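Novice: With the hints in hand, could you dock these two chains into one complex?
The listed protein sequences derive, respectively, from chains H and Z. For what it's worth, this note's numbering labels the leading residue of the first sequence as 174, then goes sequentially. For what it's worth, this note's numbering labels the leading residue of the second sequence as 11, then goes sequentially.
Bear in mind the hints are in silico, worked out from the structure with no lab data behind them. Just to be clear, a hint being listed does not mean it is correct.
[Said to hold, decoys possible] In silico EDC-like links for lysine to aspartate or glutamate, alpha-carbon gap of 20 Å or less: (1) H:K321 x Z:D336; (2) H:K288 x H:E214; (3) H:K383 x Z:D279; (4) Z:K311 x Z:E203; (5) H:K321 x H:D298; (6) H:K335 x H:E237.
The model shown is predicted, which means the values in this text are computed figures rather than measured ones.
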Amino acid sequence: MNKAIVMGVMAAVGIVAVGWFWHESRFYDAPTAPAYTVVSEDGRVAGEYRPPQARDILQEDNAEDIIYGMRLLNETSRLLPENVGNGLNCNSCHMAQGKRPLGAPYINTAGDYPKFMPRAQAVLDLTERINGCFRRSMDGRPLADDSKEMAAMKAYIQWLSKDLEPGQRVEIDNMEYFDVAQYTPNSTRGEILYALQCAACHGDNGEGMKDQFGDYIFPPLWGDESFNIGAGMARLSRAAPFIKHNMPLGVSLDAPLGQITLSEQDAVDIAAYFTAKPRPDFADKMHDWPEVSNPADARY
Amino acid sequence: MRGVTRTATALAVVVAAAFAFTQSIPHWFTPKVGAIPELDLHDPELIARGEYFARVANCVACHTAPGGEPFAGGLSMQTPLGAIYSTNITPDTDTGIGSYSYADFERAVRRGIRPDNVPLYPAMPFVSYMIVEDEEIEAMYAYFMSGVEPVVQKNPATTIPWPASMRWPLFLWQLLFAQPREFEPADHRTEQENHGAYLVEGPAHCGSCHTPRGLALQETALADDDTRQFLAGAVLEGWYAKSLRDEGIGLSTWSKEEIVDFLRTGRTDHTAAFGTMTNVIEHSTQYLTDDDLAAIAAYLKTLPSRRTYNDSWQPAEDFTTAQLRDGAFSTPGALIYVQECAACHRLDGMGAPRVFPALAHNSIVFADNPSSLIQVTLAGSRMPDTSHDAMTFAMPAFSHLSNRDLADVLNFIRTGWGNHGSEVTVRDIARMRRLVDNAPQHYVPTPQEAVHE
Chain H
174 MNKAIVMGVM AAVGIVAVGW FWHESRFYDA PTAPAYTVVS EDGRVAGEYR
224 PPQARDILQE DNAEDIIYGM RLLNETSRLL PENVGNGLNC NSCHMAQGKR
274 PLGAPYINTA GDYPKFMPRA QAVLDLTERI NGCFRRSMDG RPLADDSKEM
324 AAMKAYIQWL SKDLEPGQRV EIDNMEYFDV AQYTPNSTRG EILYALQCAA
374 CHGDNGEGMK DQFGDYIFPP LWGDESFNIG AGMARLSRAA PFIKHNMPLG
424 VSLDAPLGQI TLSEQDAVDI AAYFTAKPRP DFADKMHDWP EVSNPADARY
Chain Z
11 MRGVTRTATA LAVVVAAAFA FTQSIPHWFT PKVGAIPELD LHDPELIARG
61 EYFARVANCV ACHTAPGGEP FAGGLSMQTP LGAIYSTNIT PDTDTGIGSY
111 SYADFERAVR RGIRPDNVPL YPAMPFVSYM IVEDEEIEAM YAYFMSGVEP
161 VVQKNPATTI PWPASMRWPL FLWQLLFAQP REFEPADHRT EQENHGAYLV
211 EGPAHCGSCH TPRGLALQET ALADDDTRQF LAGAVLEGWY AKSLRDEGIG
261 LSTWSKEEIV DFLRTGRTDH TAAFGTMTNV IEHSTQYLTD DDLAAIAAYL
311 KTLPSRRTYN DSWQPAEDFT TAQLRDGAFS TPGALIYVQE CAACHRLDGM
361 GAPRVFPALA HNSIVFADNP SSLIQVTLAG SRMPDTSHDA MTFAMPAFSH
411 LSNRDLADVL NFIRTGWGNH GSEVTVRDIA RMRRLVDNAP QHYVPTPQEA
461 VHE
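Looking at chain Z on its own, in the form it has when it is part of the complex (with noise of 0.2 Å):
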């Protein structure tokens, strides 16, 4: 019994000790700007600028629950241990940040610090953002002071259970993980390419959803480096953003017109957004201006292959459209891909251009990992509502049908058309409608609840 005691006790003065010296950490690893620049709040210009930069940054879309105020947060990301909520980024002073000071708003954008010492958690991609240049910074605490409408509406408390809740440790994860750093333009690519990597790796923090985090969810790559692991694909709240390096699996298939012509409009002739990306390209790419859109795009196709990846990726040879056209339906995958997708997707796996997205040799069907293909199909979503094309279209959700049925049809798609995708199990489906039918539910409060200043 001594013996527990004794442990208890040093881990509990192990404990204090760690909590004392984290409340250190913000006074001198992540002070407030010393020197404040001299700011016209109410300049219009500036303030234009700031609401382009809020744009490449995409504050808006996490900032926003579906159906909420914009900037007013409450929209819920799924961790592992339950859920935290965007907060509120309006100026309202009460609720929102209307009483941050310019150093108090740096702080937290770029060190992920709020104005009491608190650690942001890291889904604000503080870790991105450090790298922002100044005046991008000071436009955009213009714009959210004067160009933003203050919203009343308080944040909602994460579902994370105590302890898991107490932020503190989070000092410590900053320390090992978000240690200053600027951006360096690397010499072997262009100014254009260069430019490309300062909004991908910065502002754009393309990173947050596309680089695989480790352990401590931490992202593994910040820039491209030796380990190739920057942008090389990883899975978040069952979708897989998929590897853009220049990589047989990532946007080797895809020229720069089309990766322009993706970001700007969210469709191709091919393919087209959904699930998270939908999100992106409504409230941010789709307002970026031809110079960073193309920049965006040079800059991905200069990112070489993992090593052990192939460099491209080639098509076997198409037995599936002259199949389906000539009626040889022999496997139930066939036939159900005749009698529920068909209808859109088509024999030839061509879908319509700008309407439907083609299977055929489509990046995101024949993708290493299929957990958006499986999402997509179970939970159906939405391509992004952008002022290029007259109509938005809908994958709807085909959860009625059994994970059998469902196993059958996307293995007859990642396969099909000379597709050679790995194979999707029943399990996989069973695994990811479990994770649909427990998403978590955004805060969009009630008119009551939510009063317009």
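If we strip away everything but chain H, and leave its shape as in the complex, we get (with noise of 0.2 Å):
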């Protein structure tokens, strides 16, 4: 009798040990990541696409070119100084390692280029389009075209489609475009936001915050540090759609970089505030627009 009851003691106390390292050694981990939809050209379903994660790049071939590319987005203005005149980065607006939907992301780049610009009123490549920005962001001069740097950012920004066939493309939206004209911007009510809402990281005066080796953790909005009157963001039917999802940062949880989305008619507030403040000029302005009309929200 008591022989048996050892037994099943003994038998249960097994089971239960079993049963428990079987349970915790079980991998459990996060969930796959949800996929975007890949189209090809005729706008059929051509497969899935995740970017690419951060270790992933060590396996490539051209990884040093990739990573200095990544370094190079990041860190524009303290690696490239001969050709960054302001504060800002090329991520200080591509989200997130330009993976971000909705914040201006790499994703569809490397094929969308050349593509037309009404700016230009002409078809750009992508070294063109990438010198645009450092004319006008980050109020600078360009790359030469076959620089290093430039065949860098180019095989960042290559990696994240590297799975794409051509032609296709990630269905996915860089910015939201919103209709700014249905709103009547109150600067004024932006500048309170401002001070709730941004002031913390970009300054009570638009200075942006540096670090202990006078770089910039967040960029300066207005002033001789930051981006042109020739910088898509020094328009407000560009800025406010930016800011609607990809400011603040840092104060939900959700990833990847604790976002929220903001009331449209916050956004133009905000961006009708800061886009008319003082900074430098753009002194290319002239060949903007050739032959059409200068939008509404342009400043010259």
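Specialist: Shown next, in the form of structure tokens:
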């Protein structure tokens, strides 16, 4: 009798222990990331897309170029002082390593260029597009077309879409260009919202915040160290959609950057407040929108 | 067969005897106070003082569910056996404590016994509140009876299954671990330090989270003693409430001014509160007077380090900042850091003062127990919302990253910039992921269920 009880108890303990170890050693891991749809040129679904992960870079033959490109996009101002005239980096605007929809991602960039740009009234290739950012958003000078730096930035951008066939596109939006004209911009209200939701990082006077090395943690939003009047971000219709989905960051639990979605009126008011602030001139402004009228929200 | 019957009968007799014995315990061990003070429950000054003491005791944090009515209860607390829920302590007479006499209130707060002679779970820190002074209990009684809005909200039942849900064995727990005691000021401490000790040991009940618990879930020390276990750090719901002793991995890297700044605003130039501490600062310590905060900081800095622990913490040489700025990303950990973390925490690991916490030389990053670092990365967390800063920042949840990615990047962080923390394994991440995924739900009734009086 006693023996049976002892055996029974031991068996039960054994089963529980084995079960526990089995349960515990099972790989309880992250769910598979949701995929974006890939469509081919004729609009048919051609597959799925997930942004490549950081560790995947090491598997690439041109890992060194991709990493250099990643660094240049993250730290443009520090690494390319000859080409950047202010405190901004490519990734000041292109959020989360260019992987975030509605945050100006690079995911479709490699395939989208050459592309017709209304501002230039011409077809621009990727090199020209990147150099447009250097001259405007980064208030500086273009990189040489055949430079190592230009090649590296393109290598990073191409890495993001390395598995796409020519003509294929990932079904994401780069930005939600809502109709800003349906709102009446109230920059007085924008100033109040700026103080509440922006100034903690970008400074009371839009001066940004620097680290111990003098590099910008948070970019300046106006003044000499900010983007010039030729930048897209200096236009209400471009700044408001960016702010709506990307600012402020680090305030919610949502990956990757803790962003929230602002109301369109809030985004318009904040954009109206800071886009109109003093900022560097753009010397080549007379060449923009040739033979067409400049858009209403352009600063020239 | 006869043997089994006999054993079962004997067991039943023992249990019945124990049960009968425990029913006598509240009558002789935890009787109601005899002398009832004369109290004007509508005296605004008394109510205001009670409100302050209730802030120090942080009643509201546990007795309010996220999004629920203040003091109406419903906050779930994880135990190994199931969830228990905090109760409605608004003065509603049916579902709250509106029918409590002063003696009922005093006994519940200090001795953990309900008016119907049922023991409270020790999640209620009555062992700490036991040393709270009479005048503070009296003022709090006035506040809860007259200063708190009554809310009709029934207390949800525990999810602990029967027979573990029976409460009468808790009487025995009380006999063992909740003996009556009073606050003992120490001669070697200044008056300010003793006041801090009173607040920390008593009303502020810091030990509830920060003191390691024993097998019976009792706090292993209720005040600083030779064991040096008081406030030596403990894990609760997967958050590591760090050591608050003046030792290397404790508060040795914190100045008194930083401790005060942290308790008042929820952040310093270097770090920020998260997890459960967010509630403590948001609901309690941000309201404390300068004197009380300074006393708490002064007292904490008197707690000697545990004997086998280092008194101080020195960072190793920082190779990481130069490595990252020079682009030497040869490991997955470094690459993941740059892609996922560096935008806010920066290549120098310094974050941005009062916005994003530093990871370099941050005592929760190099803590001997990495639970908090893992959970805050997996599940994210918010800083306390206080009146001292315009914005409240948050760490987003990175549960979409694989266990391997998270282990690699956390090891990079725990050994970066001169930090020297122990290794985090893939299994550590998996275990925390399961805990986070299975966190109990708080009870917030729908508007139909909870009707204001």
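Novice: Now tell me, hint by hint, if it's right for this structure.
Specialist: The hints, checked one at a time:
1. For the given pair, H:K321 sits about 17 Å from Z:D336 by alpha-carbon distance, which is consistent with the 20 Å threshold.
2. As the CA atoms of H:K288 and H:E214 are separated by approximately 15 Å, the hinted pair is consistent with the 20 Å bound.
3. For a cut-off of 20 Å, the pair hint linking H:K383 to Z:D279 stands: about 14 Å separates their Cα positions.
4. A hinted pair counts as satisfied when its Cα atoms are at most 20 Å apart, and Z:K311 with Z:E203 qualifies at roughly 9 Å.
5. For the hint pairing H:K321 with H:D298, the CA-to-CA distance comes to about 17 Å; that is within 20 Å, so the pair holds.
6. The suggested pairing of H:K335 with H:E237 holds, with an alpha-carbon distance near 16 Å, which does not exceed 20 Å.
The structure agrees with every numbered hint stated previously.
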